[in-house]
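Build the complex: two chains, separate frames, hints provided.
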Amino acid sequence: MTADLAYYSLVAVYSAMAIYTISFVAYALDLAKRSGDAQLAATDAARLDGRAAASASATASRGSSTVVLDRPVTTPGRDGADASGRRRPSRFERVATSLMVLGLLVHVASVVMRGVAAERVPWANMFEFSLTGTAIIVGVYLLVKQFVDISFLGAYVMGLNLILLAIGTVNYYVAVVPLQPALQSAWLVIHVLVAILGTGFFAIAAGLSIVQLIQTRREQAKLAGLGFMQTLPGADRLEDLAYRVALVGFVLWTFTLIAGAVWAERAWGRYWGWDTKEVWTFIIWVLYAGYIHARATRGWRGSRSSWLSIIGFAAVMFNFSVVNVFFKGLHAYSGL
Amino acid sequence: MARSSDREPLTSADETDASADPLRPSDHVDSVAAPASGGGVAQPRLGPIGYLRFFWRQLTSMKTALFLLMLLAVAAIPGSLVPQRTSDPNGVVQYRTDNPDLFPILDKLGVFDTYSSPWFSAVYLLLFISLIGCIIPRTKHHFEALRARPPKTPARLSRLAGYRTVTIEQGGGGADRPSVTAAAAVEAARAQLKRAGYRTEVFGDSVSAERGYLRETGNLVFHAALVGVLLTVGVGGGFGYAGQRVVVEGQTFTNVLGSYDSFNPGRWFDDSQLSPFSITLDRFTTDYEEQNKDALGQATDYTADVTTRTRGGDDDEKRQIKVNSPLAIGDSNVYLLGNGYAVDVTVRDGDGDVAFRDTVPFLPQNTNLMSQGVIKVPDAVPEQLGMIGFFYPSAVDTESGMLASSYPDTLNPVLSLNVYTGDLGLDDGVPRSVYALDTVGLTEVAGADADTSAIRVTPGETADLPNGLGTVTFDGVKRFASFDVHHDPSQLWVLLFAGLSFAGLLTALFVPRRRVWVKARDTGSGLVLEYAGLARGEDPTLERAVGDITRTHLTGLGVPEQAAKAVASGEATASTSRDADSSSAVDGRKLSS
Numbered sequence: 001m002t003a004d005l006a007y008y009s010l011v012a013v014y015s016a017m018a019i020y021t022i023s024f025v026a027y028a029l030d031l032a033k034r035s036g037d038a039q040l041a042a043t044d045a046a047r048l049d050g051r052a053a054a055s056a057s058a059t060a061s062r063g064s065s066t067v068v069l070d071r072p073v074t075t076p077g078r079d080g081a082d083a084s085g086r087r088r089p090s091r092f093e094r095v096a097t098s099l100m101v102l103g104l105l106v107h108v109a110s111v112v113m114r115g116v117a118a119e120r121v122p123w124a125n126m127f128e129f130s131l132t133g134t135a136i137i138v139g140v141y142l143l144v145k146q147f148v149d150i151s152f153l154g155a156y157v158m159g160l161n162l163i164l165l166a167i168g169t170v171n172y173y174v175a176v177v178p179l180q181p182a183l184q185s186a187w188l189v190i191h192v193l194v195a196i197l198g199t200g201f202f203a204i205a206a207g208l209s210i211v212q213l214i215q216t217r218r219e220q221a222k223l224a225g226l227g228f229m230q231t232l233p234g235a236d237r238l239e240d241l242a243y244r245v246a247l248v249g250f251v252l253w254t255f256t257l258i259a260g261a262v263w264a265e266r267a268w269g270r271y272w273g274w275d276t277k278e279v280w281t282f283i284i285w286v287l288y289a290g291y292i293h294a295r296a297t298r299g300w301r302g303s304r305s306s307w308l309s310i311i312g313f314a315a316v317m318f319n320f321s322v323v324n325v326f327f328k329g330l331h332a333y334s335g336l
Numbered sequence: 001m002a003r004s005s006d007r008e009p010l011t012s013a014d015e016t017d018a019s020a021d022p023l024r025p026s027d028h029v030d031s032v033a034a035p036a037s038g039g040g041v042a043q044p045r046l047g048p049i050g051y052l053r054f055f056w057r058q059l060t061s062m063k064t065a066l067f068l069l070m071l072l073a074v075a076a077i078p079g080s081l082v083p084q085r086t087s088d089p090n091g092v093v094q095y096r097t098d099n100p101d102l103f104p105i106l107d108k109l110g111v112f113d114t115y116s117s118p119w120f121s122a123v124y125l126l127l128f129i130s131l132i133g134c135i136i137p138r139t140k141h142h143f144e145a146l147r148a149r150p151p152k153t154p155a156r157l158s159r160l161a162g163y164r165t166v167t168i169e170q171g172g173g174g175a176d177r178p179s180v181t182a183a184a185a186v187e188a189a190r191a192q193l194k195r196a197g198y199r200t201e202v203f204g205d206s207v208s209a210e211r212g213y214l215r216e217t218g219n220l221v222f223h224a225a226l227v228g229v230l231l232t233v234g235v236g237g238g239f240g241y242a243g244q245r246v247v248v249e250g251q252t253f254t255n256v257l258g259s260y261d262s263f264n265p266g267r268w269f270d271d272s273q274l275s276p277f278s279i280t281l282d283r284f285t286t287d288y289e290e291q292n293k294d295a296l297g298q299a300t301d302y303t304a305d306v307t308t309r310t311r312g313g314d315d316d317e318k319r320q321i322k323v324n325s326p327l328a329i330g331d332s333n334v335y336l337l338g339n340g341y342a343v344d345v346t347v348r349d350g351d352g353d354v355a356f357r358d359t360v361p362f363l364p365q366n367t368n369l370m371s372q373g374v375i376k377v378p379d380a381v382p383e384q385l386g387m388i389g390f391f392y393p394s395a396v397d398t399e400s401g402m403l404a405s406s407y408p409d410t411l412n413p414v415l416s417l418n419v420y421t422g423d424l425g426l427d428d429g430v431p432r433s434v435y436a437l438d439t440v441g442l443t444e445v446a447g448a449d450a451d452t453s454a455i456r457v458t459p460g461e462t463a464d465l466p467n468g469l470g471t472v473t474f475d476g477v478k479r480f481a482s483f484d485v486h487h488d489p490s491q492l493w494v495l496l497f498a499g500l501s502f503a504g505l506l507t508a509l510f511v512p513r514r515r516v517w518v519k520a521r522d523t524g525s526g527l528v529l530e531y532a533g534l535a536r537g538e539d540p541t542l543e544r545a546v547g548d549i550t551r552t553h554l555t556g557l558g559v560p561e562q563a564a565k566a567v568a569s570g571e572a573t574a575s576t577s578r579d580a581d582s583s584s585a586v587d588g589r590k591l592s593s
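The listed protein sequences derive, respectively, from chains X and L.
Note that the working numbering gives residue 296 to position 296 of the first sequence, counting from 1, and the numbers run on in steps of one.
Note that the working numbering gives residue 107 to position 107 of the second sequence, counting from 1, and the numbers run on in steps of one.
You may find that some hints are simply not true.
[Claimed, not checked] Calculated cross-link-like contacts (lysine-lysine; reagent style DSS-like; alpha-carbon spacing at most 25 Å): (1) X:Lys-145 to X:Lys-328; (2) X:Lys-277 to L:Lys-322; (3) L:Lys-108 to X:Lys-328; (4) L:Lys-140 to L:Lys-152.
[Unchecked claim] Residues from chain L shown here face chain X by an in silico Cβ test under 7 Å; the list is partial: (5) Leu-66; (6) Tyr-115; (7) Asn-324; (8) Ala-498.
[Said to hold, decoys possible] Far from chain L by the CB rule (all over 12 Å, computed), these chain X residues: (9) Ile-22; (10) Ala-41; (11) Leu-102; (12) Ala-109; (13) Val-112; (14) Gly-115; (15) Gln-146; (16) Ile-167; (17) Gly-168; (18) Arg-217; (19) Gly-227.
For the record, the hints were derived by calculation from the structure and aren't laboratory data.
Ideal Cβ placement from N, Cα and C applies to all residues, glycine included.
Isolated chain L (complex conformation) (with noise of 0.2 Å):
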């Protein structure tokens, strides 16, 4: 196995070529150990530019960049344990009212955005730096090494890995055939090399010869990759946007900042940005399991239809969104994200006045769609009113007298109604969300702490409100879609960088690294060759290409196949005591290791 470089201090071969070697931390387990120095040595007093030197290579050492790497990983916990206001706002609202105590804690350590945190930055920041550290010096330097020739043949081969010797007795039986030379052998396995793709340099009686430059890079390539993501998320994404609306069947939307429901710019964006389109949802259809007992009722697909309008191009299109395949459109992506029911809702007054006519997208609570929303009508003589309704797709009776929904198409759909009268707030500047009423100072006229209880009403039915306070017809039901409006110009670039640190990793962990060498000797017992190798860094497989090699140099200066082949397997047996089977087996050139 190639252990020999990999744990053992290196042989002084390698000391002699440190330029060649890819440059590493100075505690990178291949790196020459500095020599230990003695217990008390006193050492020099370090200047501010001493210090700063000591620093960096603190930072920049192995050690710093494991620690920094165990820290990234602990750190990212805290994230997943607690809900974050960047994919999760709701989560975070109901953890400060789950735990009214530890939530200011936590939110000044700021564990609800940990991944914008300073602590969190700090450590990836620390980390980067570190990686910038190490790698700006060492593509240096493998640009040199990329120039340098092969290092000179260690004096010793046989202390390295891989090792084999043979010796081709010259002359012995055939004179019919030519001796091969030591330089010839030499030349033979230097083109022998080249052709394996071998930097190779000859020095005197042997070949050094060195492959696998491309792990260096792969590696050099993967670690300047992830800068690149780094620095592509966190600086391109600056220049996009995200936003989102619910559209109605029948609604359109107009891409300008104020359409939009809620809306996330990067730190870069301007109004500008916003290309001009629309969408008009024509219709949305959810497809629902029917056959299989087990899912009965289960959505299998969704479908908006919608009618784009660019202004470039003149022409409506009729288009689609799907999930996971969202609609791409002037340099933005459309993505499907939620749908639900909303209901057409008219309210007339007291004084038989129409005071509210809209269509009110309620949110599914449940797989069975039952919704929850809110109606606000300021406008109603005499008193504000407020409802906070519930709507059942498919409603049925339960045994407590409260209505459930029992599938999420709309086989029997019930809007269940809530009135309140009152101040709604909403004069006094105070933004307030369209889907939540704060009935603390609101009267219940309907409901259950009410004398009347809830209003019921199905499509196309009026229902009359409590205390002559008007009337609400439920006009009918629509389907909305959720569509998050996506724009990020440095995605692709994201891609790329990921795509490129894949490939970097995967030359960095997979092509070996090696040197080889070969040696031939003109002596009087005949030619003697010498084989070896050197693993720079994990190489599995060195042992076996050296045997390769071996084999391939001894067919081509003409000993036979199987003796080749017994000395690179290294299962030699050709002992002096043999010598008559293997002079026979080579042909007139005995062959003795």
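Next comes chain X alone, as it looks inside the complex (with noise of 0.2 Å):
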């Protein structure tokens, strides 16, 4: 029973891959797709510019009146898909996001099914973290989407997810195995889940920023060639989106640090050791910390601060992966 359930969630997970590759490929396409749009719109611009100017003024973007054209224009430029509201979607990201929700859905299935294989929360080894965690942060990405069109990171949380995914089935894979002593605990649940959670708000944060940077030389005028960043919010748009989903993940990570102290009490008889796993946990908060007062600092705001959030990000990653595997600690439970 056991075992075939884990199967199922195997398969099941590999099947989510697919998908996931299909939808990735559907979102490089609506990628490529916007270079052509950006270019068109840039034709259609010139040719009405000729024609009549005043027909064609965008909204102001702030003031008393508003006026109101038959038929939208999508200006392109730093603000096209900002101020005229969301952008239509094209049929490939609709594809893309479609064949996400889909790939999700059967991923979440062998995520509960490899719970239910083992009886227990799915995240208490290095493979579990990886399929919960790259569930999550596919959901926030769903989630992030429905307040703020950020389809444009779509081909981003499909790579990572997929990069992460095959190191997770091939190189992390284990049986399920009972918990051992030291996990039996409520706080496997709490601590674990809020640190995955926060770990996908930075994700989402990080391939912002990694936007921002590349508008940034864009307007700069330095990265002409890449048409679509057209279709794209500008770079302080970009930041300020990257700001607060990151905030949500400092937010996050201050209580998975708390909690896991809370929890390190009731296990090994103290809340603070410096274990490996607790300075890297340390080290990240402090360098998201870092990026908040960054944003608030004359002189960093902009490329640099953003460059501490994908530093950050990266830290994330080095201590899942590498502190995991390679540095002795007590958090040794990879399984591996």
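This is the structure in structure tokens:
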């Protein structure tokens, strides 16, 4: 029974990966199409400019009057996708998102089966952490997408997910085994789940920061070639989004740290002992604290602070992979 | 978006009321930039006080705080790369053996005690001084701001975020409805904002409102609580102690200094802090996985059944200690951190006298609990005896002829002993580990390098030592538990401050601080209403908030829901050309924007 369910869980995650792969391709095609759209729009705009400048005037960003046009014209450029409301998603993007949702459903089924097979929460070793964590990243992406159009991150999310799932299933897979006594605690549910959630938000924030860096370079005309970047929000807007998503991650990470200390007190008799994993969790916390401060420091807002967000996420990944496997410490739960 | 206040130079309105703003270091993005001084302006010479002031300003600036934060992150890394004396002392010893050349250099640098090293301490202490230097003036300033009134309404609201204006044409169609005066509209806005938790102040034809003081309060609480965490950890930790003790089944541990195997007192510890109690380990049980083929023999539960006695309570109490479930006794906590096998051994010397009879804990070496221990018999005649023992709970023969353990439970317990003779070095006053035998200078009489092979005994069996040195009897196997006793009176305080800082963080990040103005003017064409907001710090929902205020206010003034909504959402398209439509929509009151 247990072995069967674990097997079905594995089948499900491989299926989810197949669906994610198609979704990834579709997202990539969407980005390619954006390049074409951007070019077309540029040509259109040039044509319109000649004819009637007045009728094509964009909406005033703020003020007392709003001119409503018969047909909304998507103005390309910096705030194109922004000021004129939501960009109409391309067919590729709609297909990609649908597949992503489908993939997530299969993925979640895999997570649930793994949990049922193990008769506990499905995040007690590195394989399960990867399995659940990647599902959470997709979930966070879809959640944020409900509020802001970040569909340009789809390719990043799918690509990152596929890499993590590949590593998780190939290198970290372990059969279902019972929990060792040290992990038998309610804190396993709370501490690790919140850590995974935080990781999900950091992943999306890092993606936004990467796009922001590219956008900044494009705006400085250093990277004029990337046409699809024109259909994305401006660097300022991307920075705002990255910051807000990272803030949620930071709050969750702070909670992880505190909950971890409480658990450590119960399990190991001390709330803080500079165990390698504790050290890296602390380093990540300090990095993101630095990121938040950097954004409030004159001269650091913009590209400089966004590097910190990316470094922070790199540290999260390092903490999960290298520290777990190669560093000696009490958090030795990889099961490898 | 609320970018205007975030990035652009502040509007003239803000400079007039700097006192109501959160006080920030001069290089904070929200601070007013100091006027750029021309290139080579000669500065007055700074006196000692001037220099102090200069360094203090540098230390409390955002850039320094940021730099120190980054430095703290980097400084913490070495401690994760090499073993630390506090958490992994054996690892440090091993590191010294593995890297004899590198070790002294690294040790000089203090990386084996990274988190108490001078350089690490310097970084965090500077950071906290910088932090304190920031929060004290800010707290003072915030107390003043809490008592201050909202600032005067800026002259031109149209430059601010979420600006909306609408003209209500008075008495155009319905003479039966009284027209709204500007004063009434302002009063309505004031009441509405007050209800919404804003602090309000009426300035002539406008109302100025501000909310979200809790944001700065949260910010200050967060940072102050971090200082609290540092102080309670640093100072409070000194009042506690931690001790370790291995207890074999049947043995009793009494909480006095001498009975600990190792003991780490806090800086201000003294013996009187050890509360009197004793713990007898009655039974230690391990549950093993027996169904799951992938995890056969994996321990699934450890239980230490103990009997406790405290001075106050005369009766013995039966309690349990488990992993993740420590025993609270006499304001200390007792944790179950390890376990293993202990062997009962009797050694008779060459004269047939009992030279040794004891239970010796053996340290587990692998997951199947092959365990190693040392038996020292200094009283044996004619020669002192030392033995290095290997205990196999489920012994099996391997191809090489060695024994191995195939299961952690005692299915086939075998004790294998390598026997040495010679001076054990116990009489020269140098402390020796009970878990190690220094074989230098000893003669191996039984074992791999001796004529006689290692002695193997099963429980109840007696074997002869070679050369008539005597006999050894394996009397039986017991379990031992390794207990940690911790007493840390500051723990709850640390948790309290950590909780406070978390709550402060939440309010500091998610409570929006904003100002809102509503202006009403009677003009020839009607009552002109203006709405605008200003973010104080990160405030993504400002636009929407001003919109909501606009809608509620207009509805309150009798403007139909639909029209109010349209104005609020910024989609109002009522231009002069559509007068006819809008007049019908507002029922007698023409609405134009």
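Against the structure, the hints come out as follows:
1. X:Lys-145 to X:Lys-328: violated, 39 Å
2. X:Lys-277 to L:Lys-322: With Cα atoms ~24 Å apart, X:Lys-277 and L:Lys-322 stay inside 25 Å; holds.
3. L:Lys-108 to X:Lys-328: This hinted pair holds, its Cα atoms lying about 23 Å apart.
4. L:Lys-140 to L:Lys-152: holds, 22 Å
5. Leu-66: holds, 5 Å
6. Tyr-115: Status holds, d = 5 Å.
7. Asn-324: Since chain X brings a Cβ to about 5 Å from L:Asn-324, closer than 7 Å, the hint holds.
8. Ala-498: Status holds, d = 5 Å.
9. Ile-22: holds, 33 Å
10. Ala-41: The assertion about X:Ala-41 holds, with a minimum of 23 Å to chain L.
11. Leu-102: holds, 31 Å
12. Ala-109: holds, 22 Å
13. Val-112: holds, 20 Å
14. Gly-115: Since the minimum Cβ distance to chain L is about 16 Å, X:Gly-115 lies beyond 12 Å and the statement holds.
15. Gln-146: holds, 15 Å
16. Ile-167: Correct as stated: the minimum Cβ-Cβ distance to chain L is 21 Å, above 12 Å.
17. Gly-168: The assertion about X:Gly-168 holds, with a minimum of 18 Å to chain L.
18. Arg-217: Holds, because the least Cβ-Cβ distance between X:Arg-217 and chain L comes to about 19 Å, which exceeds 12 Å.
19. Gly-227: holds, 25 Å
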